[in-house]
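Novice: Here's the letter readout for the chains.
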Amino acid sequence: AQSVTQLGSHVSVSEGALVLLRCNYSSSVPPYLFWYVQYPNQGLQLLLKYTSAATLVKGINGFEAEFKKSETSFHLTKPSAHMSDAAEYFCAVIGVGNTPLVFGKGTRLSVIA
Amino acid sequence: DARVTQTPRDKVTEMGQEVTMRCQPILGHNTVFWYRQTMMQGLELLAYFRNRAPLDDSGMPKDRFSAEMPDATLATLKIQPSEPRDSAVYFCASGVGDSNNEQFFGPGTRLTVL
Chain A
1 AQSVTQLGSH VSVSEGALVL LRCNYSSSVP PYLFWYVQYP NQGLQLLLKY TSAATLVKGI
61 NGFEAEFKKS ETSFHLTKPS AHMSDAAEYF CAVIGVGNTP LVFGKGTRLS VIA
Chain B
1001 DARVTQTPRD KVTEMGQEVT MRCQPILGHN TVFWYRQTMM QGLELLAYFR NRAPLDDSGM
1061 PKDRFSAEMP DATLATLKIQ PSEPRDSAVY FCASGVGDSN NEQFFGPGTR LTVL
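Protein chains in written order, with the numbering used here: chain A, 1 to 113; chain B, 1001 to 1114.
For reference, chain A alone in the conformation it holds in the complex (with noise of 0.2 Å):
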């Protein structure tokens, strides 16, 4: 079965300095990837997803992610963080037969002034 591991349910970082959360996937097919975010008592909101056409992936807010299908890895970075960045982050997989994505746990991101 299609699934996802988000490494670390709570992540810190300082105002400027790099936003690295880990996913690694498990599935069976080429997997369709994605990367959402939530901000405090809202819905999720898209940031990215890989769909194969290119490797590196540029979402909004500056984030970006990297598919290595040899790590099963897809990564989300983002060079500089902000203080808006604090959100809770998921990383998805679309299901065996195009069912619907199946989320990660979620990394929580708290940025320090």
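It should be emphasised that the hints constitute simulated quantities derived from the structure, not laboratory data. Careful: at least some of the hints might be erroneous.
[Stated by the list, open to error] Listed next, the in silico DSBU-like pairs over lysine-lysine satisfying Cα-Cα at most 30 Å (straight line): (1) A:Lys69 <-> A:Lys105; (2) A:Lys49 <-> A:Lys68; (3) B:Lys1011 <-> B:Lys1062; (4) A:Lys105 <-> B:Lys1062; (5) A:Lys105 <-> B:Lys1011; (6) B:Lys1078 <-> B:Lys1062; (7) A:Lys68 <-> B:Lys1062; (8) A:Lys58 <-> A:Lys68; (9) B:Lys1011 <-> B:Lys1078.
Use these hints to put chain B onto chain A, whose structure you have.
Specialist: Frame of chain A; chain B shown alone:
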């Protein structure tokens, strides 16, 4: 600016009461999802519809939960009777076509069952 709307935003009820949550998907979207989010379980898919037909509701406790789409502009999720363990935030999301397309989430309904 098109967005998914959900009502109510907050609901506090007593155990045993019926709860109905409503969702208005974005106009033109033909796929609707219901999710439940808790600290312990994270984000769980309860049910989803395409073109108003239920495709999968295996994530729902069948004895107390029901989901319907009376028309293309309204999706409902009912719990009867409600239990304290149903306390969670319930999200509706809508999209177009297949699952590889973006899902647009509503703001959620925070349900507290006392």
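Novice: Now tell me, hint by hint, if it's right for this structure.
Specialist: Evaluation of the provided hints:
1. A:Lys69 <-> A:Lys105: holds, 21 Å
2. A:Lys49 <-> A:Lys68: With Cα atoms ~14 Å apart, Lys49 (chain A) and Lys68 (chain A) stay inside 30 Å; holds.
3. B:Lys1011 <-> B:Lys1062: holds, 21 Å
4. A:Lys105 <-> B:Lys1062: holds, 24 Å
5. A:Lys105 <-> B:Lys1011: Satisfied, since the Cα-Cα distance of roughly 25 Å is no more than 30 Å.
6. B:Lys1078 <-> B:Lys1062: holds, 11 Å
7. A:Lys68 <-> B:Lys1062: violated, 40 Å
8. A:Lys58 <-> A:Lys68: holds, 15 Å
9. B:Lys1011 <-> B:Lys1078: Holds - the C-alpha atoms of Lys1078 (chain B) and Lys1011 (chain B) are around 13 Å apart, at most 30 Å.
Hint 7 alone, counting from the list given before, is not met by this structure.
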